[in-house]
Each structure stands twice: as structure tokens, then as C-alpha cells.
Amino acid sequence: MGNEGGSAWVFGENIDTDQLAPGGTLKSGIEVIASHCLGALSPDFAKRVRLGDFVVGGRNFGIGSSREQAAQALCHLGVAAVIAPSFGGIFYRNALNFGLLALVCPDAGSISQGDQLSVNPEKGSVQNLTRDEEYSCDTVPSHLMEIVSAGGLVPYLEANRR
Amino acid sequence: MGSTLAEKLISHAAGKEAVRPGETVTVRVDLAMMHDSSGPRRIAPILERLGAEVWDPDKIVLVSDHWVPAVDPQSAEILDITRRWARANNIKAFYDMVGICHVVLPQGGHLKPGMFVVGGDSHSTTGGAFGCYMFGIGATDMAGVLVTGETWIRVPDTIRVEWHGKLRPGVCAKDINLALCARLGLGGAEYRTVEYTGSLVDAMDMEERMTLCNMAAELGAQAGLIAADETTCDWIRATGSDPGDASPWQSDDDADYYATHSFNADELEPQVAAPHSPANAAPASKHSGVHIDQAYIGACTGAKLADLRMAADVLGGRQVASGTRLLVAPASRKDMMAANAEGTLTKLMEAGAIMMPTGCGACAGFGGGVLAEDEVCISSTSRNFQGRMGAQSAKVYLGSPYAVAAAAVAGEIRDPREFLQGA
Ligand code: SF4
Chain U
1 MGNEGGSAWV
11 FGENIDTDQL
21 APGGTLKSGI
31 EVIASHCLGA
41 LSPDFAKRVR
51 LGDFVVGGRN
61 FGIGSSREQA
71 AQALCHLGVA
81 AVIAPSFGGI
91 FYRNALNFGL
101 LALVCPDAGS
111 ISQGDQLSVN
121 PEKGSVQNLT
131 RDEEYSCDTV
141 PSHLMEIVSA
151 GGLVPYLEAN
161 RR
Chain G
1 MGSTLAEKLI
11 SHAAGKEAVR
21 PGETVTVRVD
31 LAMMHDSSGP
41 RRIAPILERL
51 GAEVWDPDKI
61 VLVSDHWVPA
71 VDPQSAEILD
81 ITRRWARANN
91 IKAFYDMVGI
101 CHVVLPQGGH
111 LKPGMFVVGG
121 DSHSTTGGAF
131 GCYMFGIGAT
141 DMAGVLVTGE
151 TWIRVPDTIR
161 VEWHGKLRPG
171 VCAKDINLAL
181 CARLGLGGAE
191 YRTVEYTGSL
201 VDAMDMEERM
211 TLCNMAAELG
221 AQAGLIAADE
231 TTCDWIRATG
241 SDPGDASPWQ
251 SDDDADYYAT
261 HSFNADELEP
271 QVAAPHSPAN
281 AAPASKHSGV
291 HIDQAYIGAC
301 TGAKLADLRM
311 AADVLGGRQV
321 ASGTRLLVAP
331 ASRKDMMAAN
341 AEGTLTKLME
351 AGAIMMPTGC
361 GACAGFGGGV
371 LAEDEVCISS
381 TSRNFQGRMG
391 AQSAKVYLGS
401 PYAVAAAAVA
411 GEIRDPREFL
421 QGA
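Sequence lines, in order, name chains U and G.
For reference, each letter of the first sequence is one residue, going 1 to 162 in the working numbering.
For reference, each letter of the second sequence is one residue, going 1 to 423 in the working numbering.
Chain U with its partners taken away, still in its complex shape (with noise of 0.2 Å):
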């Protein structure tokens, strides 16, 4: 999956659940929500970002709130994986939930803006395809992986339940 490529939008540490899905936003739908996310830090990346881009990240991305919003806003963009050093716990699931691939990669760091990756959860790899570098990333779970393929978990629980 995501095998074709995509570029990269990197951002730093501590990414909160506050730049990625804004209180005052919350009232309103996902398409809204995901108009503002991360505006506060790059005001063009809702508009710019593309079917299949990569969200890259330092340590803690997605701490705060367990607003699911936050996951959700990320794939509503058409953001494959978001990829960064650690993630906040609650962002991690609700990522899974939506089907929205977060992997856990000590090295995003040397990952720039713009630069093609392509990623292979099942191997844990992620590949800039720009410098022709790989890094090694965690592997998601299997059954978890199967949420994540399924779409998420409401797709799974659906084909799953009966």
C-alpha cells in the first residue's frame, strides 16, 4: 500500500491535537476541520497537500485531546501515513481507526520537505525514494494492520460482525 509515492510535509515536535483539528472548529464537519488542519503552522498545507502525501513529524506527534479529529482530518486530506519519531498514544489508535497508517520511525528527522517517499509497513520500511536512503520503521501489529486495511475499524467491525 501507498507503494506508488508521495512527497513529504515535514513538521516538527510536539505536534498537538490543537494544530491538527482546532477547538473552534469542532462544532463543525470534517470538511471544515480539515480546512484549518495544521493552518496554524502551515497555512497552505490543507489546500496543497495530495491524494497519497506523507505527513512526517518529530517526537510526540498527535499529543492532547483524544479528539479522533485530529486522525480523521489527516485522511479526509488524502494523507497516506504520518511518520515520526513517537506518537501521543490516543492519536495513535484513533490514526489505526481511521485506517490512516502512523509509523513509528526513529529516524523521520533526516526526511525533508518535498522529498518522494514510498513506505512498506509490513517490512517497517520507509523509503526516500529522493536520496535514495530507507529507514527502518516499526511494524504495525498484524490485527491491527487488518483494521488499517480494512479502512479502519467501522469497516472492519462491519465485515467482521456478522
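For the record, the hints were derived by calculation from the structure and aren't laboratory data.
Quick reminder that beta carbons are idealized off the backbone N, C-alpha and C, glycines included.
There may be inaccurate statements among the hints.
[Claimed, not checked] Sample of chain G residues facing chain U (criterion: CB under 7 Å; computed from the structure):
| hint | residue |
| --- | --- |
| 1 | P45 |
| 2 | I46 |
| 3 | S122 |
| 4 | T140 |
[Claimed, not checked] Taking CB as the label site, the calculated pair distances span:
| hint | chain 1 | residue 1 | chain 2 | residue 2 | range |
| --- | --- | --- | --- | --- | --- |
| 5 | G | G316 | U | D138 | 48 to 56 Å |
| 6 | G | E350 | U | P106 | 51 to 59 Å |
| 7 | U | G114 | G | S322 | 46 to 54 Å |
| 8 | G | T148 | U | T139 | 19 to 27 Å |
| 9 | U | S112 | G | R183 | 26 to 34 Å |
| 10 | G | Y257 | U | M145 | 24 to 32 Å |
| 11 | U | D107 | G | W152 | 25 to 33 Å |
| 12 | U | P155 | G | R183 | 54 to 62 Å |
| 13 | U | D107 | G | N340 | 53 to 61 Å |
| 14 | G | A341 | U | D138 | 47 to 55 Å |
| 15 | U | K123 | G | E267 | 46 to 54 Å |
| 16 | G | D252 | U | T130 | 45 to 53 Å |
| 17 | G | T239 | U | D138 | 39 to 47 Å |
| 18 | U | R161 | G | D96 | 28 to 36 Å |
[Said to hold, decoys possible] Some chain U residues flagged as far from chain G (calculated, every beta-carbon gap over 10 Å):
| hint | residue |
| --- | --- |
| 19 | A46 |
| 20 | S118 |
| 21 | N120 |
| 22 | G124 |
| 23 | L129 |
Fit chain G with the ligand to the given chain U structure using the hints.
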């Protein structure tokens, strides 16, 4: 090798003899708590899509606290959906506009040592003060719990945080939290469990223990835990509930911790965290003189009865400075009524406090009391992320209720001990 409290609670919920950090297990859930923002409005469509019913309406606690009272038709709609869902699903433990979920939940006698509880909110770590395993999940995860009564968890390592010594007057659990954020870093626990122990924690009352566990969330912990003792059981009994036998729910002496940090509180000074991170904490005196537009006493973190009393200790017989406003949003109706009966509220109001509804209020920017561009606030809440309490350029400092009250009186940040007798 023995087990930590976290491992015992999780293995019990998983129906296993023992679990070890790193393994992923399926656990049965004893109780699921959710609120108006992450609850029915997001969960109902999922249940509908799955054609599923809730697994056990008696194991669900629902609290309307985030969007209360409604400020516009959209927030009114969220509250209406919450009420209708509670009725349709026969949720008896529905607390509508009577306080903040993390405070209402224990006050309603719902938490007991040994339980495994999920909460649809990141500060669900608060519940760990009662010797149960409680952690925060998102709404889709919650929908999964509501349908199956189960969820999965990766067993975390435990970090042991010991506090010994005595807090000086004017210093409280909130200062410990801010000092820990500065020491371990925002998210420094990296989703491990933090267990608080030591003679100081043993001597703390339940409200201060709740404050301690509340900000395990800022440490990035999956859960914050304090083993139950007589203090815990007495408190639970006072709510009319039976705490059961707390004795099994203790870490073994030979348990394996990821790390142990030991601190002495004797020298701890009142802390204030600068914008935009709780980890920017330093002694309050370091920020002395920063002008304050709004002082806010609120949230599950900093507006319980004990917190209101701390504020009153500073505010009694004084006036809020002109050019500064003080907003107080008590954490629950119970706390507000108790504060009223004992005269604490009167002290706050006589000092010029503006009383706000019980609820999350301005804490996450949902309710009344949000900030204008460039305004400066000091708040007894838990996090000061950029834009959280209103405008993007607003600056929020975090402090204890003592520190917030002191800043309200002085119109600027001060060491609150300047305003306390004997401190
Ligand atoms: S008071 Fe603040 S921290 Fe507590 S539950 Fe409400 S929004 Fe969250």
C-alpha cells in the same frame, strides 16, 4: 518477578494470569465514560451503520460538559443529540450539565479499585487516582467498545514517580505536575503508565490525587495510577458506593519498573508554565510582573472544591486588580454547592470573581470566557497549547489555583506565597 499495579489491572481485565509490557491483549471493559463532544454525536452514526446496540447500558456513563451551556444552535444541537441518545439507549448514568466528566464520574461513585475503564477523553488518566485502570480513547474506538464490551491494549511499561517530603504552604499537586512536565518533558512518559507513590502521595487527599493523575496526560502517559488505600476507600464510601477489597490492587515489591524517579517536595516552589507548553514550567517568581488580562480558575484539573478553597485563601478580603478579570467555573455542581455552603464562593465573589457555569468552559475554547488576539491569561487548567483557549496569538500561562488567584489580585504574575499568611 512481581507485577506492577498496571500489569495486575490489565491482566485481570484480560482474564490472564499475568501480562508483560509490550504484549497486546484484548480486555473486557467494566465501564465506559464519554461526553457530549466525543460521545453520541460521533458514536450514534457508527452504531447505526453497524446496526448494533450498546453492549450494556448500565456500564455507560455519559456526561454533557464540553458544550454547556449551548452558545449557538450548533452546540445546542450537540447537546440535544446527547440527551436524545441517552434516552433512546436507556443510559441511567447521564449527567447533563452538572459538571466535568472526570470529576462527576468519581463523585457519582462509579470508580472502584480494580476496574478497567475507558474514557472518551484524554484526561481520563484522572480516574487512576482511584486505583482503577482508566485511559482515554477516541470516539471510533469508543464505538468499538460500546458494540463489543471489549478493546485492545498494548501493555505499557510503568514509570514509578515517588514524592516524599512535605509541600510548603501555597504549593500543591498542580505545582508537582508542572514540575514533572518540565523534568520529564511534554509527552516524556511516551505512553507508558505513571504510578505515583511515596509518603507525600500517601498523605494527599483524593482531590489532590486526582489533580496529580489528571496531568499524567500531559506527560503523555497512557494512565496515571495511585494504589488505593483507606483514603480512597473512605472517599468512595462517602459517595454511597462500596469500594470493595482494594488490597489486591498494589504493585508487588519486586515489580519491574521501566524507571523510578524520586523527588522531595520540601523545596518545591509554586510553578508557572509559560506559553505554549506545560513543560515550560519554572518557579512562579521567574515570570513575576507579566501583566494578566484574564485569570481563569476552571477545569477538571483546577476547579474542584480543594482548588476553589486554594483560590479563596488568596482572594479572601482582597479585590481583583482593575484591568484584570477573574473567571471561575467550578468543576461540578457538587463542588460548587459545597463551596457555597462553607462560604468559599462568597469569598471569591466578594473579591470580584465572575462565576461561570460548571463545565469545561474556556479550557478547550468551547464554552464562554475565550481569549481575544494577544490577550494574556493565567489558568488553572492542564494545557496551554497555542490557540486552545481562543485566539491563536493569545498567551496562556498555567499555574495552581493559588497562582491564578494571586495574579488576579496583583494584575500580574506573582509568587502566590506573597499573598498567603504563614507561607
Ligand atoms: S475541563 Fe478541560 S481538560 Fe478537563 S475534560 Fe474539560 S476540556 Fe478536557
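Starting from the range 24 to 32 Å, see whether the pair Y257/G and M145/U falls in it by beta-carbon distance. Taking Cβ atoms as reference, Y257/G and M145/U lie about 31 Å apart, which means the hint holds.
Could you see if the CB distance from D252/G to T130/U stays within 45 to 53 Å? For D252/G and T130/U the Cβ distance comes to about 51 Å; the hint holds.
Is it true that S112/U and R183/G lie within 26 to 34 Å of each other by Cβ? 32 Å, holds
Using the C-beta atoms of T239/G and D138/U, is the stated range 39 to 47 Å upheld? Once the Cβ atoms are compared, 42 Å apart, the range 39 to 47 Å for D138/U and T239/G holds.
Claimed clearance of chain G by S118/U, with the beta carbon kept past 10 Å: It holds; S118/U is separated from chain G by about 27 Å at its closest Cβ, greater than 10 Å.
Check the non-interface label on L129/U: least C-beta distance to chain G beyond 10 Å or not. 30 Å, holds
Taking 10 Å as the cut and beta carbons as the points, is N120/U off the interface with chain G? 21 Å, holds
Do the Cβ positions of E350/G and P106/U conform to the proposed distance bound of 51 to 59 Å? 56 Å, holds
That 25 to 33 Å hint for D107/U and W152/G (C-beta), does it hold up? 28 Å, holds
Check the non-interface label on A46/U: least C-beta distance to chain G beyond 10 Å or not. Non-interface label stands for A46/U: nearest chain G Cβ at 15 Å, farther than 10 Å.
A341/G paired with D138/U, Cβ distance criterion 47 to 55 Å: 54 Å, holds
Verdict for G316/G, D138/U (Cβ pair) under range 48 to 56 Å: Because 54 Å falls inside the window, the suggested range holds.
The structure fails hints 1 and 12 (numbered hints given earlier, in ascending order).
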